[in-house]
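Trainee: Could you slot chain B with the ligand onto chain A? The hints should help.
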Amino acid sequence: MKNVAIVACGLAPFGVRKATWRELVQEASKAVFDDVQNLDKKDIDSLFVGAAMPERFAFQSHVAPLVAEQVGIVPHKVVTRTELACSSGQSAVRTAWASIVTGLSDIALCLGVEKMNMPNMLETQTSMACVLEREWDGVQGASAPPFFAMCAQRHMHEYGTTVEQMAMVSEKNHHFSTTNPYAQFQKEIPAEKVLGSPMIAPPLRLFDCSGITDGAAAVILTSEERAKEFTDVPTYIIGSGQCSMASNLANYKSLSTWHPLKIAAKEAYRSAKIGPMDLDFAEVHDCFTISEIIEYEDAGFCEKGEGGKFIEEGQSNIGGKMPINTRGGLLGTGHPLGATGIGQIVEIMQQFRSTVPKERLVDGAEMAMAHNLSGAANVHSILVFGRSPR
Amino acid sequence: MTTIVLPYMLDFYPLQDEDNTRIHQFYASLREGKLTTTKCKDCGGLFWPPRVACPGCNSDQFEWVELPDEGELYAFTAMLLGAPLGMEKDVPFVLGMVQLDGTEFKVLSRIGNTKYEDCSLGMRVKLETYELEDGRVWFRFVPAD
Ligand SMILES: [Zn+2]
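Quick mapping for you: the protein sequence lines, in order, are chains A and B. Using the working numbering, read the first sequence as starting at 1 and increasing by one per residue. Using the working numbering, read the second sequence as starting at 1 and increasing by one per residue.
One chain only, chain A, in its complex shape (with noise of 0.2 Å):
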């Protein structure tokens, strides 16, 4: 199979931004055409964009054009958008890649981005509600917080998974996000904030949530053939793994073991010919702290219901076994759905060029990996990451 490579990375900066839905497009566009050298706009023959919901929080469809126009390009191989919720930005950068291998495409470029903030807050939570089953689940007043917080009660009844484990987490990922100017979060938040910060869905606090976040991200993506004509160090991609189990929540065979992951992983780790613990770091999707307990589990860095045992001992910190989410991850930068996932290369790339601040660095990394979890943990997908070809 071809080898794909990344070649470029740009960031809008996450927060709550006085920037409208195509600003924080063109700011990640600029973002990722300052970064690269040497490449002519007209040789973008495909465009992919990762966008969860632009028709609710931007009331714009058919996003694709409107960004190439944006960027200034004429794709002409593939232009699509990628939806796949909170992985919608991981998609687009899944679908290039595949048409790359073909060898469809030639240079791609993916943007990932989502403004979140609205006017009326109501409006964005009542959105977020159609992420799950809204016909069955999300008309009950559901939606992710109640799903992760039942998450963390199975866990902490079936494992004894404490909350002061769970604001570890939280107080981890913060003090990453000090560390990066474009975090929606860039203040400490040692545990024992987390744990007097407002009730949410218990028993899971306001800084057990990621927030509600603009943003966006770019990469562009070409052959291994291509890959040095535009940088010197390109970020190969070598594995992938997802999969998609139930969507309707009565269908769950676990809430505390997220049967989908496990199985992204193996094919994860299967397609790249590596174990878990050849990663050198991990960006894994902390939507809540709950969720990167559980993933350190089901993603095989530690025994399953040693996940807060592993962040006790600060296993998933830089010098620990398996340093996880070094940016921030979600709850330290913000989730702003369609650009987390590519928020999350751009880590992966910036880690194995090693121009990450010193803090964050982990120091000659070869290999990494990049995990989305999207709507109620039931789609999980990966991609492997190397600073060489496979």
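Just so you know, nobody snuck in bad clues.
Below 20 Å or equal to it, Euclidean Cα-Cα: the simulated DMTMM-like pairs (lysine to aspartate or glutamate) are: (1) A:K253 x B:E104; (2) A:K41 x A:E69; (3) A:K253 x B:D101; (4) A:K2 x A:E267; (5) B:K34 x B:D101; (6) A:K2 x A:D106; (7) B:K34 x A:E135; (8) A:K2 x A:E225; (9) A:K253 x B:E72; (10) B:K89 x A:E123.
Some, not all, of what chain A presents toward chain B, calculated at C-beta under 10 Å: (11) S127; (12) M128; (13) W136; (14) P146; (15) F147; (16) M150; (17) L206; (18) L249; (19) Y252; (20) K253; (21) L255.
Since the hints were made in silico from the structure, they are not lab data. Note that this is a predicted model, so its numbers are computed, not measured. Virtual Cβ for every residue (Gly too), placed ideally from N, Cα, C.
Mentor: Quick look at chain B with the ligand alone, frame taken from chain A:
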């Protein structure tokens, strides 16, 4: 004819009559206090929510069967902040996954007549149906005793 107060695209509840859905029987039964679903006549597959085509064997021949109206709480929480439009006045409310007796289904539902503090894992709950202000019908679970 149902009159929906919110714009349709912000209305969470399904349209329930036979002009709008092929599973209108589900809502008719719900109005009689029964929680039902479809069972495939060809492969026996029981699915939640009700179907019009069988994901197991591709049949479209179903019979309606009644589901147990009791179960136990597999998990629960409460919505304290951030409820969607039309549900703000209900806050705080309890949400739970109800493991229906003798089935694989853990149906997500409001848990009425109780507070979060008074719920526990494994607590027995029973079905309760009610009419929405616009005349449509819906269901929730409440403590069994
Ligand atoms: Zn069947």
